[in-house]
Amino acid sequence: DGGITQSPKYLFRKEGQNVTLSCEQNLNHDAMYWYRQDPGQGLRLIYYSQIVNDFQKGDIAEGYSVSREKKESFPLTVTSAQKNPTAFYLCASRTDSYNSPLHFGNGTRLTVT
Amino acid sequence: AQSVTQLGSHVSVSEGALVLLRCNYSSSVPPYLFWYVQYPNQGLQLLLKYTSAATLVKGINGFEAEFKKSETSFHLTKPSAHMSDAAEYFCAVSRGSGGYQKVTFGIGTKLQVIP
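Here the protein sequences line up with chains B and H, keeping their order. Positions 1 to 113 (this note's numbering) are the ones given, in order, by the first sequence. Positions 1 to 115 (this note's numbering) are the ones given, in order, by the second sequence.
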């Protein structure tokens, strides 16, 4: 079955360390997205990519970086510059169309202490 | 800019009662609107989507939503709540800018179903 795989499910890091969250999809979708979820704030867009080797900043990109070297993969790096990195991170993908829905992975819960 | 507003971050209903979750959008053009559901520690699942083909949209698990342009609303309803409906629900809008397509979410509404 096609889907989106995020790994790991839980991630713990010390403050000051960079950490990379994995997102892989086998849905043959062109567009991929990273969201951050905090209680009471909904989902906020970090970065998105509509084609390989191209990506755009979302609403809260500071302290994050991404790459899109393959259609199937869209890893997110949380850098030490992110002031409050502890959160639930969701990756999603969809076809390159305004009316197509997002398909989500099961998320990675990052805790930085 | 297109966005969505969800009224009520928490809603409680009795089992068997009507579920009504509110979503209003701001848009200068006909929007593409979605409702998603999220269970604890999971990703989001699509409930239904509006794409201008019909104003009343039926989704999974007995949910439906009506697009009302005059009220700029896309409220989610279900005639009779079930315990398994307890979850968080998100309204979202698909929007484009300069050829790029974003999907923006509301803050979510947590639905509690009381036995």
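Rather than coming from a laboratory, the hints here were simulated on the basis of the structure. Don't take each hint at face value.
Dumping the calculated BS3-like pairs for lysine-lysine here, alpha-carbon to alpha-carbon at most 27 Å [stated by the list, open to error]:
no., chain 1, residue 1, chain 2, residue 2
1, H, K58, B, K9
2, H, K102, B, K9
3, B, K71, B, K57
4, B, K71, H, K110
5, B, K70, H, K102
Predicted, not measured: the structure shown is a model, and the values here were computed from it.
Going through the hints against the structure:
For a cut-off of 27 Å, the pair hint linking K58 of chain H to K9 of chain B is broken: about 32 Å separates their Cα positions. For the hint linking K102 of chain H to K9 of chain B, the alpha-carbon distance of about 25 Å falls within 27 Å, and the restraint holds. Proposed proximity of K71 of chain B and K57 of chain B is supported: the alpha carbons are some 18 Å apart, at most 27 Å. Proximity of K71 of chain B to K110 of chain H is assessed by CA-CA distance (about 34 Å); at most 27 Å being required, the pair is judged violated.
Of the pairs offered as hints, the one joining K70 of chain B and K102 of chain H holds, with about 20 Å between alpha carbons and a cut-off of 27 Å not exceeded.
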